[in-house]
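Enquirer: Next come the chains, spelled out residue by residue.
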Amino acid sequence: GENVEQHPSTLSVQEGDSAVIKCTYSDSASNYFPWYKQELGKRPQLIIDIRSNVGEKKDQRIAVTLNKTAKHFSLHITETQPEDSAVYFCAASISGGYNKLIFGAGTRLAVHP
Amino acid sequence: NAGVTQTPKFRVLKTGQSMTLLCAQDMNHEYMYWYRQDPGMGLRLIHYSVGEGTTAKGEVPDGYNVSRLKKQNFLLGLESAAPSQTSVYFCASSLPSFGRRYNEQFFGPGTRLTVL
Chain A
1 GENVEQHPST LSVQEGDSAV IKCTYSDSAS NYFPWYKQEL GKRPQLIIDI
51 RSNVGEKKDQ RIAVTLNKTA KHFSLHITET QPEDSAVYFC AASISGGYNK
101 LIFGAGTRLA VHP
Chain B
1001 NAGVTQTPKF RVLKTGQSMT LLCAQDMNHE YMYWYRQDPG MGLRLIHYSV
1051 GEGTTAKGEV PDGYNVSRLK KQNFLLGLES AAPSQTSVYF CASSLPSFGR
1101 RYNEQFFGPG TRLTVL
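The listed protein sequences derive, respectively, from chains A and B. Quick note, in our numbering, the first sequence goes up one by one and the last residue is 113. Quick note, in our numbering, the second sequence goes up one by one and the last residue is 1116.
The following block holds chain A by itself, in its conformation from the complex:
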């Protein structure tokens, strides 16, 4: 079945450093790749997404890159701040539509002052 693998499971950086989280998906028909941020005890919230016709998308300090040939996509956070500390989930659309997603297992990012 469809699968999304996410690495690393935990990531610790110093404030101001960059953080990179990588995901690999299995369904070659996937064409939508959102990233969600979940703070402790809160709901997941979309921070950025990318569609298959685009190789890179940037929004201030965060960017996402997509390599459809290799079936992997990555989240890049630059100039990290303590408020970036959270669990980040990648996801890929499931063929068949209806906005269905399959999620990675999550990456716990800790940004130390």
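The reader is advised that the hints may include incorrect statements.
As the list claims (entries may be wrong) - Covered by chain A, per the in silico footprint, the following chain B stretches (three or more residues, Cβ under 8 Å):
{"id": "1", "region": "1039–1047"}
{"id": "2", "region": "1107–1113"}
What the hints assert, rightly or not - Each computed BS3-like pair below joins lysine-lysine, with the alpha-carbon atoms no more than 30 Å apart:
{"id": "3", "chain 1": "B", "residue 1": "K1057", "chain 2": "A", "residue 2": "K37"}
{"id": "4", "chain 1": "A", "residue 1": "K37", "chain 2": "B", "residue 2": "K1071"}
{"id": "5", "chain 1": "A", "residue 1": "K22", "chain 2": "A", "residue 2": "K71"}
{"id": "6", "chain 1": "B", "residue 1": "K1071", "chain 2": "A", "residue 2": "K42"}
{"id": "7", "chain 1": "A", "residue 1": "K68", "chain 2": "B", "residue 2": "K1009"}
{"id": "8", "chain 1": "B", "residue 1": "K1070", "chain 2": "B", "residue 2": "K1009"}
{"id": "9", "chain 1": "B", "residue 1": "K1070", "chain 2": "A", "residue 2": "K71"}
{"id": "10", "chain 1": "B", "residue 1": "K1057", "chain 2": "A", "residue 2": "K22"}
{"id": "11", "chain 1": "A", "residue 1": "K71", "chain 2": "A", "residue 2": "K57"}
{"id": "12", "chain 1": "A", "residue 1": "K68", "chain 2": "A", "residue 2": "K57"}
{"id": "13", "chain 1": "A", "residue 1": "K42", "chain 2": "A", "residue 2": "K57"}
{"id": "14", "chain 1": "A", "residue 1": "K37", "chain 2": "A", "residue 2": "K68"}
{"id": "15", "chain 1": "B", "residue 1": "K1057", "chain 2": "A", "residue 2": "K58"}
{"id": "16", "chain 1": "B", "residue 1": "K1070", "chain 2": "A", "residue 2": "K68"}
{"id": "17", "chain 1": "A", "residue 1": "K37", "chain 2": "B", "residue 2": "K1009"}
{"id": "18", "chain 1": "B", "residue 1": "K1071", "chain 2": "B", "residue 2": "K1009"}
{"id": "19", "chain 1": "B", "residue 1": "K1070", "chain 2": "A", "residue 2": "K42"}
{"id": "20", "chain 1": "A", "residue 1": "K22", "chain 2": "A", "residue 2": "K37"}
{"id": "21", "chain 1": "A", "residue 1": "K58", "chain 2": "A", "residue 2": "K71"}
{"id": "22", "chain 1": "A", "residue 1": "K57", "chain 2": "A", "residue 2": "K22"}
Rather than coming from a laboratory, the hints here were simulated on the basis of the structure. Since we're looking at a predicted model, the values are computed, not measured. C-beta atoms are modelled at their ideal positions from N, C-alpha and C, and glycine is treated no differently.
Given the structure of chain A, go ahead and fit chain B onto it with the hints provided.
Expert: Frame of chain A, contents of chain B only:
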């Protein structure tokens, strides 16, 4: 505009008991979803609905039933709770997708369920 809301926030059940989780959205979204979140496993889709009166199975549907009698509400039922159903349950909703155009899923605050 409350967005997506869930009740209750917390619940403790004994094995074999039943309960219903309620999800409500005021964004007039066609699609609604129920997920469970377990440590180290991300979010897994239980059931979903693409409109009033419709439901479909997701990735992990066993042991759960759902109903969508009104567009704004999506109910998740556990008929006979098991300890394996201890989890955090999230509801989400979205606008409908057209062709290859996907739309953002908006999540509720979650329900933490413990089955003893």
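Enquirer: Could you check the structure against the hints above and give me the numbers of any it violates, in ascending order?
Expert: 7, 9, 15 and 16
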